[in-house]
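J.: Could you build all of it, start to finish, from the sequences and the hints given here?
If you want the building blocks of each chain, they are given just below.
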Amino acid sequence: MAPRTSPEISGMGHSMKRKEDPRFLRGQGRYVDDIVLPGMVFMDIVRSPFAHAKITKIDTARALKVPGVLAVITGETLAKFNLHWMPTLMSDTQMVLPTEKVMYQAQEVAAVIATDRYAAADGVEAVEVSYDPLPVLVDPFKALEPGAPVLRTDKKGKTDNRIFHWEAGDRQGTDAELAGSEVVVKQDLYIPRIHVSSIETCGCVADFDRAQGKLTVYMTTQAPHAIRTVFALVAGHVGLSEERIRIVSPDIGGGFGGKVPVYPGYVIAVAASVVLGKPVKWIEDRMENLQADSFARDYHISAELGAKRDGTMTALRIKTIADHGYTDAAANPSKFPAGLFSICTGSYQLGHAFAEVDGVYTNKPPGGIAYRCSFRVTEAVHAIERLTDILAHELGMDPAELRFKNFIPPESFPYHSALGWDYDSGNYAAALRKAMDRIGYAELRKEQAEKRARGELMGIGISSFTEIVGAGPSKQFDILGIKMFDSCEIRVHPTGKAIARFGTKSQGQGHETTYAQIVAEELGIPAAHVQVEEGDTDTAPYGLGTYASRSTPVAGAAGAVAARKIRDKARKIAAHLLEVAEEDLVWEPGKFSVKGAPQRSKTIQDIALAAYTNHPQGMEAGLEAVSYYDPPNLTFPFGSYICVVDLDRGTGEVKIRRFVAVDDCGNIINPMIVDGQIHGGLTMGMAPALLEEISYDEDGNIQGGSFMDYLLPTAMETPSWETDKTVTPSPHHPLGAKGVGESATVGAPPAIANAVVDALWHLGVRNIDIPITPEKVWRILHEKGVAE
Amino acid sequence: MASHQIRVTVNGTPHEAEVDSRLLLVHFLRDVLRLTGTHVGCDTTHCGACTVLLDGAPVKSCTVLAVQANGRELMTVEGLERDGKLHPIQEGFWEKHGLQCGYCTPGMMMTSYALLQRTRSPTELEIRQAISGNLCRCTGYVNIVKAVQYAAEKLREE
Numbered sequence: 001m002a003p004r005t006s007p008e009i010s011g012m013g014h015s016m017k018r019k020e021d022p023r024f025l026r027g028q029g030r031y032v033d034d035i036v037l038p039g040m041v042f043m044d045i046v047r048s049p050f051a052h053a054k055i056t057k058i059d060t061a062r063a064l065k066v067p068g069v070l071a072v073i074t075g076e077t078l079a080k081f082n083l084h085w086m087p088t089l090m091s092d093t094q095m096v097l098p099t100e101k102v103m104y105q106a107q108e109v110a111a112v113i114a115t116d117r118y119a120a121a122d123g124v125e126a127v128e129v130s131y132d133p134l135p136v137l138v139d140p141f142k143a144l145e146p147g148a149p150v151l152r153t154d155k156k157g158k159t160d161n162r163i164f165h166w167e168a169g170d171r172q173g174t175d176a177e178l179a180g181s182e183v184v185v186k187q188d189l190y191i192p193r194i195h196v197s198s199i200e201t202c203g204c205v206a207d208f209d210r211a212q213g214k215l216t217v218y219m220t221t222q223a224p225h226a227i228r229t230v231f232a233l234v235a236g237h238v239g240l241s242e243e244r245i246r247i248v249s250p251d252i253g254g255g256f257g258g259k260v261p262v263y264p265g266y267v268i269a270v271a272a273s274v275v276l277g278k279p280v281k282w283i284e285d286r287m288e289n290l291q292a293d294s295f296a297r298d299y300h301i302s303a304e305l306g307a308k309r310d311g312t313m314t315a316l317r318i319k320t321i322a323d324h325g326y327t328d329a330a331a332n333p334s335k336f337p338a339g340l341f342s343i344c345t346g347s348y349q350l351g352h353a354f355a356e357v358d359g360v361y362t363n364k365p366p367g368g369i370a371y372r373c374s375f376r377v378t379e380a381v382h383a384i385e386r387l388t389d390i391l392a393h394e395l396g397m398d399p400a401e402l403r404f405k406n407f408i409p410p411e412s413f414p415y416h417s418a419l420g421w422d423y424d425s426g427n428y429a430a431a432l433r434k435a436m437d438r439i440g441y442a443e444l445r446k447e448q449a450e451k452r453a454r455g456e457l458m459g460i461g462i463s464s465f466t467e468i469v470g471a472g473p474s475k476q477f478d479i480l481g482i483k484m485f486d487s488c489e490i491r492v493h494p495t496g497k498a499i500a501r502f503g504t505k506s507q508g509q510g511h512e513t514t515y516a517q518i519v520a521e522e523l524g525i526p527a528a529h530v531q532v533e534e535g536d537t538d539t540a541p542y543g544l545g546t547y548a549s550r551s552t553p554v555a556g557a558a559g560a561v562a563a564r565k566i567r568d569k570a571r572k573i574a575a576h577l578l579e580v581a582e583e584d585l586v587w588e589p590g591k592f593s594v595k596g597a598p599q600r601s602k603t604i605q606d607i608a609l610a611a612y613t614n615h616p617q618g619m620e621a622g623l624e625a626v627s628y629y630d631p632p633n634l635t636f637p638f639g640s641y642i643c644v645v646d647l648d649r650g651t652g653e654v655k656i657r658r659f660v661a662v663d664d665c666g667n668i669i670n671p672m673i674v675d676g677q678i679h680g681g682l683t684m685g686m687a688p689a690l691l692e693e694i695s696y697d698e699d700g701n702i703q704g705g706s707f708m709d710y711l712l713p714t715a716m717e718t719p720s721w722e723t724d725k726t727v728t729p730s731p732h733h734p735l736g737a738k739g740v741g742e743s744a745t746v747g748a749p750p751a752i753a754n755a756v757v758d759a760l761w762h763l764g765v766r767n768i769d770i771p772i773t774p775e776k777v778w779r780i781l782h783e784k785g786v787a788e
Numbered sequence: 001m002a003s004h005q006i007r008v009t010v011n012g013t014p015h016e017a018e019v020d021s022r023l024l025l026v027h028f029l030r031d032v033l034r035l036t037g038t039h040v041g042c043d044t045t046h047c048g049a050c051t052v053l054l055d056g057a058p059v060k061s062c063t064v065l066a067v068q069a070n071g072r073e074l075m076t077v078e079g080l081e082r083d084g085k086l087h088p089i090q091e092g093f094w095e096k097h098g099l100q101c102g103y104c105t106p107g108m109m110m111t112s113y114a115l116l117q118r119t120r121s122p123t124e125l126e127i128r129q130a131i132s133g134n135l136c137r138c139t140g141y142v143n144i145v146k147a148v149q150y151a152a153e154k155l156r157e158e
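Chains as they are written, first to last, in the UniProt record's numbering: chain A, 1 to 788; chain B, 1 to 158.
Be a bit skeptical, because a hint or two may be false.
[To be verified] Label-pair distances were calculated between CB atoms; the ranges are: (1) 55(B) to 57(A): 48 to 54 Å; (2) 45(B) to 57(A): 33 to 39 Å; (3) 99(A) to 45(B): 35 to 41 Å.
For the record, the hints were derived by calculation from the structure and aren't laboratory data. Note that the Cβ used here is the ideal one computed from N, Cα and C, for glycine as well.
T.: Structure representation (structure tokens):
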């Protein structure tokens, strides 16, 4: 799509260089730990060495004698203010600091406040805590067994460890269809617990101003407004009233969903600041971040896919056990305890489907929704794409051919899925064909056959995924009751420049640039002269924040709608200035001209000045507008990824030779930024497929709790991604744009897993659970007698 | 705890300070000198977000004590720009979209700077090896490689 505006205006479609870069390139970004306030003190946290234990004593005497230590805060301190527990987004309860027992290793037990971070760390070492260990539950299946110890003894009447049972679809119809299917493939898949590990960890500076009774919190949050409301709801009883709470989310060093939840550290820092009357800084270290902050995935999936012998898919049935840790703090919309897992019918016409998820408590930290998952879409796509490949192999069909046979055809959109979603638009075959042409699919299959004859192991994996992003319509979507709209407020200055504020919050996705491009597209004001701000709840309009790729679908739409309101008023002013009727005016970005007399025109700059100096009688002065956008539907971007792997028969290493990613996110605001999102997303798809995992031993000790063995990919492990696009606009979005930030992380893992299994299928290998480590492959190679 | 008087030159400016023996160089730069471009991303010396140049060589400043820098020359991200003009590395990262959240960027650029001091024509593999001590969670490294190549070309032209 050719851009409609000039490079000078840089509306949609321009690869405009980022407006945020000049400060980051100079080391002048302002992240939370860069903030220093007068009188600021530091907080550090005492954490539990046990996964499950009764606290018998917390002795703070020695810590209070450490030079620089000012105070030690315990659950008892917070209990006096009824702040030792807090509600989660899923209406469960979470400890801020415990008064009786700990529920996971690394849980917050007490907080030390000191004059600097070194003294605070000394203080943590000096706090003496006595524990009585309790039986530990780490396996969610065991946690569900009758007679398993009940973890949540704080919940009255709770007799087991089940958190919720959720289901979608037609159980009987699906059972019947599967029973009558000519072929049924069944596979258990474990999607392991992983962690976003944004390079900046979580932290805050809480600053309670006693004189004004106002709390300001600078914090690493993806949803500052929601946080403000949560703080008001949780701490209203101690005088924290919403108009006197200001949350500022400054520059954020990556979020990836890990900075959506409210962590105990934030709440303790706020309490400490209120108690001490000083600004309190809390910055967690990497191990704390990995061990205690929101995890992602941890789904034990059992899936069955039925088909006719010719490959026509008939029915899908999925049963899942979801490990949520000790409390359900998953950052889901309130009516979706399993997120949008019901997108699991994927890109295919599936007449019958049924999905159920049981959430389970274990002695692990809470979380589940993070790491570019779009509310469990990663899990859903992994299941359907793995099953599709297994079905193809079982039938002896090419995996691409099977996909073409079952794709929802372009003319069927909007498509109503068996599990209730109305897909907005798509042309799946076009994306897959493009990926196949680009990678040379037919030749690769030939090469694979030749290599196999020589005993070499090469695999080709496809993933043709459909995403669901842009939560969401108010009828279904809310966070703690607040509907999932988003917002934009644009104010045009007398000299024709503008400031625009949004209810979302970038963590590197480039909103300062792309939102300016949306305003430029709609008003013709050069994007360079549109100042975009987010993250300060005193100034930005209320929004639900940035996660689940919702910024473009929701706030982006609000930006376009607000700009169009301004354009409507601008048209009235132009008509007044040119002394013609509104209908006689023609708009092109930046200018109204008289129909048939293009030399008679007024630029948006002329109009802006007039709005302040010569506005029509009966009209308000000024030129500004606000929009709170309630999306009519979600957006459904899609893509087809193809991965080629070579397996090292000596070491079991999986080498990604090529990876072609064709994405379709509708109309593109900034191609350069979209590509960057996809590169990063693919890397965050490869990482859990091949490297990253957090597991627990029987005693609940975390394995993978530091960068020593939680393996983030470096430039050496990361392939050189090849990206391409098709463009199928969203019909309901004002700009035809769809979200894209998470597509690649959703789509990539099954392409990689499919490629590895494809390389080994002829040896009788049906599945390898991710991460597909060299050790797992090496063992298989030895078992099958093909190791070198 | 013993404290020490140190003298260091940072980005050409001499500084004197009294520091505890255990103060990490990264905290000296960030908390004492308030040069907050250098970041902390881990606690095990893996991420490289704290990379600075110590007598011209890239070091992870979370794994150097401030006292060890006594009498030596440091260069941080704040020293890349000269006379209001971005260094070709900074320009390359901007042109090629080699950064997103910006948190790894200062360390990544300092490592790249050191690489381009050693060689003006690095191969893609050499670039990837050079930055393998610097983790990035946003870019997938593709555009960082392009940014370094851009800078290398710019420097060859100079």
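J.: Now tell me, hint by hint, if it's right for this structure.
T.: How the hints compare with the structure:
no.	hint	in the structure
1	55(B) to 57(A): 48 to 54 Å	holds (51 Å)
2	45(B) to 57(A): 33 to 39 Å	holds (36 Å)
3	99(A) to 45(B): 35 to 41 Å	holds (37 Å)
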